[in-house]
Amino acid sequence: MADDSRLARPLEYYRKFIQNDVRPDERSLEEFRPTVLNIGCIGTAEGSALVKLGTTSVICGVKAEIAAPKTESPKKGYIVPNVELGPMCCSTFRPGPPGDQAQYLSVFTNQVIQHSKCLDLEELCILPGKYVWTLYCDMVCLNYDGNVGDACVLALLTALQNTYLPTVTWNEDSECLETSDSTKIRLNVHSQPVSSTFSIFDNHILLVDPTKEEEDLSTGQLTVVTADEAICLVKKPGGSPLNDRQLAECINRAFSRSKEVVRLIHETLNSVER
Amino acid sequence: MAGLELLSEQGFRIDGRKPSELRRIRCKLGVFNQADGSAYIEQGNTKVLAAVYGPHEIRGSRSKILHDRVLVNCQYSMATFSTGERKRRPRGDRKSKEMTMHLQQTFNAAILTNLHPRSQIDIFVEVLQSDGGNYCASVNAATLALIDAGIPMKDYVCACAASYVSDTPIVDINYLEESSGGAELIVATLPKSEQIVFLEQNSRLHEDNLGPVLDLAVKGCKDIHAVLDQAVKDHVAEATAGSSIE
Chain A
1 MADDSRLARP
11 LEYYRKFIQN
21 DVRPDERSLE
31 EFRPTVLNIG
41 CIGTAEGSAL
51 VKLGTTSVIC
61 GVKAEIAAPK
71 TESPKKGYIV
81 PNVELGPMCC
91 STFRPGPPGD
101 QAQYLSVFTN
111 QVIQHSKCLD
121 LEELCILPGK
131 YVWTLYCDMV
141 CLNYDGNVGD
151 ACVLALLTAL
161 QNTYLPTVTW
171 NEDSECLETS
181 DSTKIRLNVH
191 SQPVSSTFSI
201 FDNHILLVDP
211 TKEEEDLSTG
221 QLTVVTADEA
231 ICLVKKPGGS
241 PLNDRQLAEC
251 INRAFSRSKE
261 VVRLIHETLN
271 SVER
Chain B
1 MAGLELLSEQ
11 GFRIDGRKPS
21 ELRRIRCKLG
31 VFNQADGSAY
41 IEQGNTKVLA
51 AVYGPHEIRG
61 SRSKILHDRV
71 LVNCQYSMAT
81 FSTGERKRRP
91 RGDRKSKEMT
101 MHLQQTFNAA
111 ILTNLHPRSQ
121 IDIFVEVLQS
131 DGGNYCASVN
141 AATLALIDAG
151 IPMKDYVCAC
161 AASYVSDTPI
171 VDINYLEESS
181 GGAELIVATL
191 PKSEQIVFLE
201 QNSRLHEDNL
211 GPVLDLAVKG
221 CKDIHAVLDQ
231 AVKDHVAEAT
241 AGSSIE
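For the record, the sequence lines run as chains A and B.
Each residue of the first sequence is one higher than the last, beginning at 1 in full-length UniProt numbering.
Each residue of the second sequence is one higher than the last, beginning at 1 in full-length UniProt numbering.
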């Protein structure tokens, strides 16, 4: 019976729950879904992480390649994030070239990296003007159950913290690069950007970490990305207007989430330290 | 033999297996909730995910409708980070297209296609980490995903590869053995009825040796079937145990 009304009148179904400050999956309105991290699950990648946010799953693999730098920035390496929302993760995605949402998420993750300054691109330099590292960060969504943006940022950050690059040195005599696989250097991650997404329900109620169902019913969305003690990105793409107080609430929640996530990453990294 | 010794004098392979030994298989059904059926399989270092949607209405062009049977639509894709060198195109290159075709042919032969005329079944396969035997792992994962989705099939489809190295047939070959230039025999069978639904052989192999290699590959399929069957039984037992509490 409950399932019928959920399908036929989802909005009414949700309102009944939200009146009592609870969601159908027994979460309170400001509670994230249980977050699970699995680090270093892909052996072929330089760094990797699998993130589960409730049932939403994203896997991120970092592959490093040597490339030539741009002439205007001879010391800077590249970082290329890419989000893939294939037909596997949800029935609404079609096979073919990346859709709007996947491209939006790729740009979003790129902005997060740029604005949070979590990587110093000059540290990716091998020989100025000649060789630099390119880090391809591919995030593949495996199961789409809402809030993929947060999951992507978390997967990316965790994978980067788990990335080990082989030491490459320039041999002046033979004029070629020498790689040593035995000594690997961990990538320096300077700040820890954490994203928190809120969906707006019925124009005034804020739900943190929306599921797919909640995203479909929402009248607007707000994403706050924090990097350690600072706010590095706030995005509110249209939708219902919010007031100052609500925005401040969101930012507060984002900071407390950031602490939770940083602690989780730290614990997981320590438990698998190679 | 020059270079790499694929089979040591003591009769062990590079990864320490005996010639007739499979890699460790770990699998799990029902890993995702969005898909109608899903499965994850690990065969040694090869890790594959499969998701099944359907049977549902035909998507896209209506001209693809088959009036007497279901349309089986497959997509094989390899994550860009799944191989040693980064893959530029996760799908759409020739190798993946070929793999997609092979999967489609295999499952057309195993699914009871006439039960759902004018509909479509999607099988999506994603290789997360590749260490040889991608086709085999994909078929095994897709079989589990189809079972999880409750799609009627003639039998499990189990696939296994085999090769022939220094006068010995070897089963379930890994990437090194696959790329060493020796013969490669890939077979997909319906283990109960011992029928072969897919067979491919690459590179040169003497006619007299085909028999032993094929026998070993078919035996490998049977062993894989036993593992998959156990996984399905465990999954069903777990699912029913949960429902009896309610």
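Since the hints were derived computationally from the structure, they do not count as laboratory data.
All C-beta atoms, glycine included, are put in the ideal place defined by N, C-alpha and C.
Don't take each hint at face value.
What the hints assert, rightly or not - Not the full set, but computed from the structure, chain A residues with beta-carbon under 10 Å of chain B:
#: 1; residue: 61
#: 2; residue: 130
#: 3; residue: 137
Numbers of unmet hints, in rising order: Those not satisfied come down to hint 2.
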